[in-house]
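Engineer: So the chains spell out like this:
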Amino acid sequence: EAGVTQFPSHSVIEKGQTVTLRCDPISGHDNLYWYRRVMGKEIKFLLHFVKESKQDESGMPNNRFLAERTGGTYSTLKVQPAELEDSGVYFCASSQFDTNYGYTFGSGTRLTVV
Amino acid sequence: AQRVTQPEKLLSVFKGAPVELKCNYSYSGSPELFWYVQYSRQRLQLLLRHISRESIKGFTADLNKGETSFHLKKPFAQEEDSAMYYCALSPFSGGYNKLIFGAGTRLAVHP
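Top line first, the protein sequences correspond to chains A and B.
When you line the first sequence up against the numbering used here, it's residues 485 to 598, in that order.
When you line the second sequence up against the numbering used here, it's residues 62 to 172, in that order.
Treat the hints loosely; a few may be bogus.
Stretch-level coverage of chain B by chain A, calculated; a stretch enters the list once three of its residues show a Cβ under 8 angstroms from a Cβ in chain A [what the hints assert, rightly or not]:
1. 80-93
2. 160-171
Quick list of the computed label-pair ranges, beta carbon to beta carbon [stated by the list, open to error]:
3. PRO79/B to GLU567/A: 37 to 45 angstroms
4. GLN106/B to LYS538/A: 21 to 29 angstroms
5. HIS111/B to PRO565/A: 36 to 44 angstroms
6. ASP514/A to SER73/B: 22 to 30 angstroms
7. TYR88/B to THR557/A: 29 to 37 angstroms
8. SER73/B to GLN564/A: 38 to 46 angstroms
These are computed hints drawn from the structure, not numbers from a lab.
Note that the coordinates shown come from a computational prediction; the quantities given were computed from them, not determined experimentally.
Idealized CB from N, CA, C, for every residue including glycine.
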C-alpha cells in the first residue's frame with residue numbers, strides 16, 4: 485500500500501510569506517495527525533483529525549496556523565504569515581487503529597523561514 | 062504537566078557493546094509508552110510499545126512506574142542500530158490520541 489505522502493519535502497520562504505503543506509494519508513485511515521519538530525527540540529503534537537473533523541487542536545501554536553481536511557482525505561497545513569520560529573520539520577501521520585498500534589508517519593516537510 | 066525527558070542527545074558506543082537509551086516521563090495517570098526510531102533517510106516508525114512486552118531487533122524496554130522510566134536496552138549493539146530514537150507517551154490507554162515525544166537520542170554505533 486502507498487504510505488503517507490507529504491509535500492513539498494523542503495520549503496524555504498521569507499518571513500511574512502505564506503506556505504501550505506500537504507499530507508496524503510494512507511487510504512482508509514480516518515485518523516490524521518500533524519506534528520512539528522523545531523531544531524533540537526522534541527516532536528510536538530499540533531492537531532488530530534478524525535475524517536474531516538478536528539478532534540484535538542490543542543497543539544496549534546497560534547492563529548497563523550490553519551489546518552484543513554476537506555472530504556476527510558488529504559490535509560493541508562497553512563502558515564500565514566510565516567515567522568522565523570516556524571522553521572522546523574512538519575510531520576504528518578495517519579492511523580486506522582488506536583494509538584497503541586502506532587502511527588504511520590510521512591517523511592516530513594522541512595520548512596525554513598528566512 | 063505531561064513530559065518525556067531523554068537526557069542524552071547523543072549516545073556513542075562500539076559494536077557489540079550494551080546500549081541503554083534513557084527515558085523518563087512525567088504523568089499523573091497510567092500512560093502508554095512507546096519507542097519510535099528514525100533511521101537515516103527513512104521515516105519515523107514504531108519500534109516497540111510497553112503494552113506488548115515484546116523484543117524488536119533485540120531491543121527491550123521495561124516500564125518502571127516507581128521511577129517513571131521506560132529505558133530502551135539492547136545487550137549487543139549493531140552498526141545498523143545507528144539512528145535517532147524517540148521515547149513517546151500516550152496520555153490515555155486505548156483510543157486515538159496524541160503522542161508526547163521526548164527530544165530524541167541519537168545512537169551512533171561504531172565498528
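Engineer: For every hint, state whether the structure bears it out.
Structural biologist: Structure-based check of all given hints:
1. 80-93: With 1 residues close enough to chain A, the hint is violated.
2. 160-171: Three-residue rule met by the stretch 160-171 of chain B, so holds; n is 6.
3. PRO79/B to GLU567/A: 37 to 45 angstroms: 44 angstroms, holds
4. GLN106/B to LYS538/A: 21 to 29 angstroms: The hint (21 to 29 angstroms, Cβ to Cβ) holds, given that GLN106/B and LYS538/A are roughly 26 angstroms apart.
5. HIS111/B to PRO565/A: 36 to 44 angstroms: Holds - the Cβ-Cβ distance for HIS111/B and PRO565/A, about 42 angstroms, lies within 36 to 44 angstroms.
6. ASP514/A to SER73/B: 22 to 30 angstroms: Given a distance of about 41 angstroms, which is not inside 22 to 30 angstroms, the answer is violated.
7. TYR88/B to THR557/A: 29 to 37 angstroms: 34 angstroms, holds
8. SER73/B to GLN564/A: 38 to 46 angstroms: 42 angstroms, holds
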